[in-house]
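Asker: Kindly produce the complete structure, drawing on both the sequences and the hints.
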Amino acid sequence: MQQEVVLAMLAKEPSHGYQLRARLRDALGPLGDAMNAGQIYVTLTRLEKAGLLAVERSAESADRSDRKVYALTPNGQQRVSEWIAEVSWPRPDLAEFHLKLVAAAAAGLADPLTIVDTQRRELLRRLRDAQRAAMAEPDRSDAALLLEGIVLRLQADLRWLEACEKTWTHRRSGS
Amino acid sequence: MSNAADMPVLRARGLRKEYGKGLGLVRAVDGVDLDIGAGETVAVMGPSGCGKSTMLHLLGGLDRPSGGEVSLNGRRIDDIGERALARMRRTVVGFVFQAFHLMEELTAIENVELPALLAGRSPRAARRRAEELLEQVGLTDRARFLPSALSGGQRQRVAVARALSNEPLVVLADEPTGNLDSAATLDVLQLFESLHGSGQTLVIVTHDPRIAATADRLISMRDGAFVDETRLSGGTTGQLGALVGLED
Chain A
1 MQQEVVLAML AKEPSHGYQL RARLRDALGP LGDAMNAGQI YVTLTRLEKA GLLAVERSAE
61 SADRSDRKVY ALTPNGQQRV SEWIAEVSWP RPDLAEFHLK LVAAAAAGLA DPLTIVDTQR
121 RELLRRLRDA QRAAMAEPDR SDAALLLEGI VLRLQADLRW LEACEKTWTH RRSGS
Chain Z
1 MSNAADMPVL RARGLRKEYG KGLGLVRAVD GVDLDIGAGE TVAVMGPSGC GKSTMLHLLG
61 GLDRPSGGEV SLNGRRIDDI GERALARMRR TVVGFVFQAF HLMEELTAIE NVELPALLAG
121 RSPRAARRRA EELLEQVGLT DRARFLPSAL SGGQRQRVAV ARALSNEPLV VLADEPTGNL
181 DSAATLDVLQ LFESLHGSGQ TLVIVTHDPR IAATADRLIS MRDGAFVDET RLSGGTTGQL
241 GALVGLED
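Those protein sequences? They're chains A and Z, same order as listed.
Numbering (my numbering) for the first sequence: 1 to 175.
Numbering (my numbering) for the second sequence: 1 to 248.
Calculated from the structure, these hints are not laboratory results.
Below are the DMTMM-like pairs computed for lysine to aspartate or glutamate, each with C-alpha atoms no more than 25 Å apart in a straight line:
#1 A:Lys166 - Z:Glu175
#2 Z:Lys21 - Z:Glu69
#3 A:Lys100 - Z:Glu229
#4 A:Lys100 - A:Glu122
#5 A:Lys166 - Z:Asp223
#6 A:Lys166 - Z:Asp30
#7 A:Lys166 - Z:Asp208
#8 A:Lys100 - A:Glu162
#9 A:Lys166 - Z:Glu18
#10 A:Lys100 - Z:Asp228
#11 A:Lys166 - Z:Glu229
#12 A:Lys12 - A:Glu56
#13 A:Lys166 - Z:Asp181
#14 A:Lys49 - A:Glu86
#15 A:Lys166 - A:Glu96
#16 A:Lys166 - Z:Asp228
#17 A:Lys12 - A:Asp33
#18 A:Lys100 - A:Asp111
Derived coverage of chain A by chain Z (criterion: at least 3 residues anywhere in the stretch with Cβ under 8 Å from a Cβ of chain Z; other residues may be distant):
#19 121–131
#20 149–158
#21 163–169
Note that the Cβ used here is the ideal one computed from N, Cα and C, for glycine as well.
Answerer: Have a look at this one:
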């Protein structure tokens with residue numbers, strides 16, 4: 001989990017680690033299952049060392065192992081504000097797949113159409129999972145919105161695969 | 001096959017359809033073998049002109065093959081007479097088309113009950129069944145509407161209800177979302193998911209990956225033949241995490 005995400009999820013109020021995890025689970029729905037709790041605590045420790053988080057020990061829950069309450073320091077608040085204002089977008093690695101097709105065809109390593117079929121199969125499996133998960137979420141929930149994003153991206157990738165199929169079919173029959 | 005339960009609902013062997021002759025010969029369907037089990041949803045994808053619609057027509061007896069066999073529940077349909085074939089189409093197969101093909105002068109419920117009436121059910125039984133089906137597709141309040149007063153998605157849901165009228169062994173759908181926008185596609189998609197859940201056997205020919213993704217099995221078709229076949233079931237939501245940057 002990215003450090004800034006963890007930091008921003010704590011911006012609402014000082015929280016225990018388990019409260020932070022519950023907030024992430026709510027926002028991510030079924031995708032939150034993939035979240036690694038240990039990783040989150042490692043991130044919290046790093047953020048503390050970097051001076052972006054301050055840790056208090058709460059007296060009221062002294063019997064719990066999870067006694068730490070995490071709060072943003074002024075530096076932490078500053079970092080969250082910068083992160084919110086940042087424009088970033090994950091780049092899907094289309095070039096790698098594209099070059100795989102080009103190289104496979106040029107060297108006769110494999111039929112590009114077979115590679116396209118295999119890739120499509122995998123993406124359709126994911127689309128099936130994402131659609132099912134989306135239908136199981138309540139309308140307009142945080143998790144449903146995230147899953148809709150996944151469905152739309154997969155559709156875009158599948159449309160590109162269709163274009164790949166068309167072009168490589170044409171090249172094969174043309175040569 | 002050891003018993004009836006193992007028998008595929010739909011079976012094709014060496015299925016072929018050719019048009020024209022000599023240099024103009026087109027092999028639209030070129031040696032297709034297919035077994036569809038009871039309760040299975042199978043999607044067939046492929047570029048335009050790959051023969052997938054023609055194949056669907058052969059499977060449902062809308063068109064005669066140039067060669068090969070088609071059986072429904074163990075009964076050959078490729079070599080039976082016109083009348084027997086017409087009866088089979090009315091009672092054993094349900095069709096869903098891209099352009100809906102509803103009767104424009106009939107209301108939604110009249111469209112849905114028509115196949116039951118043609119199959120010889122009493123008007124009362126046909127009406128009751130049509131009411132159930134419209135409820136199943138969420139259109140009870142549109143029962144008395146003409147198709148022209150319905151949205152594309154609603155029309156396709158009426159068409160699906162009509163296809164189910166005679167409790168067909170198999171529903172064959174040809175680009176069922178080809179004329180629909182994204183929201184209407186979602187309605188039809190949910191309907192197919194629920195049909196699938198209720199054990200209806202479905203064969204869907206489609207361009208639309210969202211519809212294809214509802215299938216248990218996906219077949220890719222090119223130049224009249226199957227080139228790839230795969231099970232789609234069995235994935236995990238865990239893998240989806242990577243798509244949204246949740247896995248490092």
